[in-house]
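Undergrad: Chains as they are written, first to last, in this note's numbering: chain A, 1 to 404; chain B, 1 to 251.
Wrong hints could be hidden among the right ones.
[Said to hold, decoys possible] Heads up, incomplete: computed chain A residues facing chain B, CB under 8 Å, no partners named: (1) 12; (2) 22; (3) 51; (4) 227; (5) 228.
[Stated by the list, open to error] Taking lysine-lysine pairs in the PhoX-like style, the calculated list, with each CA pair at most 25 Å apart, reads: (6) 202/B to 314/A; (7) 52/A to 76/A; (8) 317/A to 202/B; (9) 393/A to 14/B; (10) 15/B to 314/A; (11) 202/B to 239/B; (12) 144/A to 91/A; (13) 144/A to 158/A.
It is worth saying that the hints were derived from the structure and are not from the lab.
Just so it is clear, CB atoms sit at the ideal spot from N, CA and C, and this is done for glycine as well.
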Amino acid sequence: MSLRNVGIVYRKELTEALRDRRTVISTILVPLLLFPILSVGFGSLAVALVGKAKEEVPKVMLRGGEDSPAVVDGLKKLDKIEIVPETPGWKDQIINKEIRAAVEIPSGFQADVAQQKSDTVKIFNYQGEMKSEFATDKIETYLKEYRDKVVKERLAAKNLAETVLKPFEVDRENVAPPEKVSGAAFGGIIGYMVILLCMTGAMYPAMDLTAGEKERGTMETILSSPISRMHLVLGKFFLILTAALGTAALSVLSMGVSFSVLGHYTSQSAGGRAAAAEFLLKLGPKTVISVFLMALPVAVLFSATLMTIALFAKTYKEAQSYLTPMTFVVIFPAIAAMLPGVELTPKLSLIPILNVSLLCKELVAGTYHWNYIAIIFSSTCVYAAVALFLAIKMFQRESVLFRS
Amino acid sequence: MIEARGLSKRFHDKKRGEIRAVDNVTFTCQPGKIYGLLGANGAGKTTTLRMLATILEPTDGTAIVCGHDVVEQPEKVRSKVGFLSTATALYRRLTAQEFVEYFGRLNGLDEATLKKRVDDIFNRLDMNGFRDRRCDKLSTGMMQKTSIARTLVHDPQVMIFDEPTNGLDIMTARTITAFIRECRNNGKTVIFSTHIMSEVEKLCDTIGIIQSGKLLVEGSLAQLRDKYAEHEVEEIFVKVVTPHYLAEEAN
Numbered sequence: 001m002s003l004r005n006v007g008i009v010y011r012k013e014l015t016e017a018l019r020d021r022r023t024v025i026s027t028i029l030v031p032l033l034l035f036p037i038l039s040v041g042f043g044s045l046a047v048a049l050v051g052k053a054k055e056e057v058p059k060v061m062l063r064g065g066e067d068s069p070a071v072v073d074g075l076k077k078l079d080k081i082e083i084v085p086e087t088p089g090w091k092d093q094i095i096n097k098e099i100r101a102a103v104e105i106p107s108g109f110q111a112d113v114a115q116q117k118s119d120t121v122k123i124f125n126y127q128g129e130m131k132s133e134f135a136t137d138k139i140e141t142y143l144k145e146y147r148d149k150v151v152k153e154r155l156a157a158k159n160l161a162e163t164v165l166k167p168f169e170v171d172r173e174n175v176a177p178p179e180k181v182s183g184a185a186f187g188g189i190i191g192y193m194v195i196l197l198c199m200t201g202a203m204y205p206a207m208d209l210t211a212g213e214k215e216r217g218t219m220e221t222i223l224s225s226p227i228s229r230m231h232l233v234l235g236k237f238f239l240i241l242t243a244a245l246g247t248a249a250l251s252v253l254s255m256g257v258s259f260s261v262l263g264h265y266t267s268q269s270a271g272g273r274a275a276a277a278e279f280l281l282k283l284g285p286k287t288v289i290s291v292f293l294m295a296l297p298v299a300v301l302f303s304a305t306l307m308t309i310a311l312f313a314k315t316y317k318e319a320q321s322y323l324t325p326m327t328f329v330v331i332f333p334a335i336a337a338m339l340p341g342v343e344l345t346p347k348l349s350l351i352p353i354l355n356v357s358l359l360c361k362e363l364v365a366g367t368y369h370w371n372y373i374a375i376i377f378s379s380t381c382v383y384a385a386v387a388l389f390l391a392i393k394m395f396q397r398e399s400v401l402f403r404s
Numbered sequence: 001m002i003e004a005r006g007l008s009k010r011f012h013d014k015k016r017g018e019i020r021a022v023d024n025v026t027f028t029c030q031p032g033k034i035y036g037l038l039g040a041n042g043a044g045k046t047t048t049l050r051m052l053a054t055i056l057e058p059t060d061g062t063a064i065v066c067g068h069d070v071v072e073q074p075e076k077v078r079s080k081v082g083f084l085s086t087a088t089a090l091y092r093r094l095t096a097q098e099f100v101e102y103f104g105r106l107n108g109l110d111e112a113t114l115k116k117r118v119d120d121i122f123n124r125l126d127m128n129g130f131r132d133r134r135c136d137k138l139s140t141g142m143m144q145k146t147s148i149a150r151t152l153v154h155d156p157q158v159m160i161f162d163e164p165t166n167g168l169d170i171m172t173a174r175t176i177t178a179f180i181r182e183c184r185n186n187g188k189t190v191i192f193s194t195h196i197m198s199e200v201e202k203l204c205d206t207i208g209i210i211q212s213g214k215l216l217v218e219g220s221l222a223q224l225r226d227k228y229a230e231h232e233v234e235e236i237f238v239k240v241v242t243p244h245y246l247a248e249e250a251n
């Protein structure tokens with residue numbers, strides 16, 4: 001096999017790809033900009049919106065309570081809550097967001113509490129609506145504190161210790177190292193992102209170098225040159241593989257930078273994202289290299305498969321219609337690996353894409369099951385080799401190259 | 001030299017069944033001569049030439065191009081052949097020079113030889129004004145010159161032209177016909193297909209008339225004029241093709 005010819009084709013395809021606006025956008029710009037926009041942009045927007053919602057002083061309607069002045073006074077003194085008197089149509093007012101909640105104090109509540117009778121204070125809200133939930137939380141917190149105060153007073157009156165009601169504590173303690181905890185939480189998404197981005201990175205060049213070449217009329221030109229079809233397909237394949245791995249690498253890099261920026265600038269409200277940022281920054285080169293090594297045969301599999309499928313198409317548009325459904329074929333197993341409770345088993349380790357996704361989860365958590373790594377790497381290599389073999393065969397079929 | 005020996009190509013079509021695109025075609029093209037393959041659309045010209053250029057593989061028969069068998073040694077055949085058709089487009093994102101160099105490298109030229117060859121061709125075809133311009137920014141004439149440069153970069157002994165002037169304006173078409181003549185004068189073996197009768201009259205040393213994949217008749221223009229007692233190529237063509245055309249229609 002002449003590596004020189006493969007190299008000539010690869011260099012030419014790379015030159016063309018870097019001059020093609022669509023390839024540069026899909027392979028370089030989108031992965032570089034997607035995460036900053038998604039995480040920093042949307043993250044900051046979410047933080048700003050949540051902050052704004054918290055700053056608003058919600059109106060809460062008081063129903064009843066005329067004979068319970070202490071409770072009503074307590075409610076009125078609550079910080080950042082405006083208690084408004086009862087008006088008709090209060091339910092509609094909550095639905096229409098004119099008021100955020102309503103609190104109903106039963107008749108004779110304070111007297112009942114004094115006589116140790118049980119009553120129910122009801123809070124009416126708009127479930128799932130953020131500002132309504134904030135108002136409800138504040139009212140509920142106040143009422144629970146009031147109840148605790150009453151309990152303490154009753155215990156004190158009877159000379160009983162607080163431990164009468166709380167005979168023992170329940171406490172939980174994590175023994176897993178922090179990287180494993182973070183790995184379990186975020187490990188799935190790393191594998192998912194790398195796999196999905198390998199796919200999306202390979203997709204555009206796969207179409208451009210096959211169906212695109214047919215459409216532009218250059219397929220016949222290149223086939224009239226002395227290069228063997230195997231060298232031609234390998235040159236093209238390596239370019240598609242470069243795009244797949246490049247997209248994934250740029251995305252992971254961009255994701256890491258975005259999260260670290262986010263971790264610096266977000267407050268506690270973005271705790272989840274800050275934790276993710278901290279975790280990503282802790283990913284050592286060993287983990288990153290391991291994930292990419294495992295992603296390599298998957299990228300080969302995608303590149304060869306997408307190229308083979310796109311080769312059947314006569315036009316770029318036709319190729320698009322063949323390849324778009326492929327995204328779902330990849331997304332399902334990758335998502336399945338993220339589900340809680342789905343773990344590596346000998347059977348699952350043979351299912352392409354799912355196996356690598358599951359393994360990435362383990363690798364990110366710092367667990368190296370060498371037997372699974374061997375099975376998954378070799379099985380994916382076999383699938384990739386079959387896909388590449390098919391691509392080479394397809395390039396030798398006139399019925400595919402000159403489909404009319 | 002090109003020797004086609006019982007060259008045949010069958011395709012399978014889901015609706016029409018087996019199609020004999022080229023059926024047992026035998027002919028010889030000599031160095032320093034132009035062989036014109038004349039036929040209507042769908043007669044089998046393109047398929048024949050694609051088999052000679054080893055872009056398609058014959059179903060039966062073979063052809064020997066510069067001593068190499070198209071079935072056994074397709075890569076060696078391609079290294080001896082320059083193939084040009086209106087379907088052989090340019091890589092639009094490469095410059096004219098990069099495009100020609102790419103094909104030179106694929107033909108195994110070393111960098112020193114390639115540079116000398118490219119400079120020589122670009123001077124000869126007056127292409128220096130646009131050598132660094134991307135192919136998608138070239139005029140039709142410039143594109144044709146770049147295609148010609150691509151076919152010449154490895155100095156092939158055989159030139160195959162598949163309807164090279166199809167759809168071109170008259171000035172660009174004249175560039176191509178002048179180039180075909182030049183190839184003959186340089187001792188290359190030239191075969192070209194066309195359905196334009198005037199091109200055949202102007203260029204061809206030998207004419208082969210093809211219909212439904214079969215080579216019906218061949219000879220020099222003088223021989224065909226004598227045989228069919230007609231002066232115009234168009235009349236000769238009609239006389240040769242009509243009986244077969246009617247027979248096919250009847251079938």
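Undergrad: Against the 25 Å threshold, does the CA-CA distance of residue 15/B and residue 314/A hold or violate the hint?
TA: Holds, because 19 Å separates the two Cα atoms, which is no more than 25 Å.
Undergrad: Between residue 144/A and residue 91/A, is the straight-line Cα distance small enough, at 25 Å or below?
TA: holds, 24 Å
Undergrad: Holds or violated: residue 202/B and residue 314/A, Cα atoms, limit 25 Å.
TA: violated, 37 Å
Undergrad: Decide if the proposed pair is consistent with the structure: residue 393/A and residue 14/B, CA atoms, cutoff 25 Å inclusive.
TA: holds, 22 Å
Undergrad: So, as I understand it, the hint says residue 22/A touches chain B; can you test that by seeing if any CB pair is closer than 8 Å?
TA: Violated, because the Cβ-Cβ distance from residue 22/A to chain B comes to roughly 11 Å (cut-off 8 Å).
Undergrad: Taking 25 Å as the top limit, are the C-alpha atoms of residue 202/B and residue 239/B close enough?
TA: With a Cα-Cα distance of about 20 Å, the restraint between residue 202/B and residue 239/B holds, given a limit of 25 Å.
Undergrad: Closer than 8 Å between Cβ atoms is the bar; does residue 228/A clear it against chain B? Give me holds or violated.
TA: Holds. Min distance 6 Å.
Undergrad: Please work out if residue 144/A and residue 158/A have their alpha carbons no farther apart than 25 Å.
TA: holds, 21 Å
Undergrad: Can residue 51/A be said to touch chain B, with a Cβ gap under 8 Å?
TA: Cβ of residue 51/A sits 48 Å from chain B, so the hint is violated.
Undergrad: Given the hint that residue 52/A pairs with residue 76/A, test it: the Cα-Cα distance must not exceed 25 Å.
TA: holds, 22 Å
Undergrad: With 8 Å as the cut and Cβ atoms as the points, is residue 12/A at the interface with chain B?
TA: holds, 5 Å
Undergrad: With chain B as the partner, please determine if residue 227/A meets the hint condition of a C-beta pair closer than 8 Å.
TA: holds, 5 Å
Violated hints, listed in ascending order, are 2, 3, 6 and 8; each of the other numbered hints is respected by the structure.
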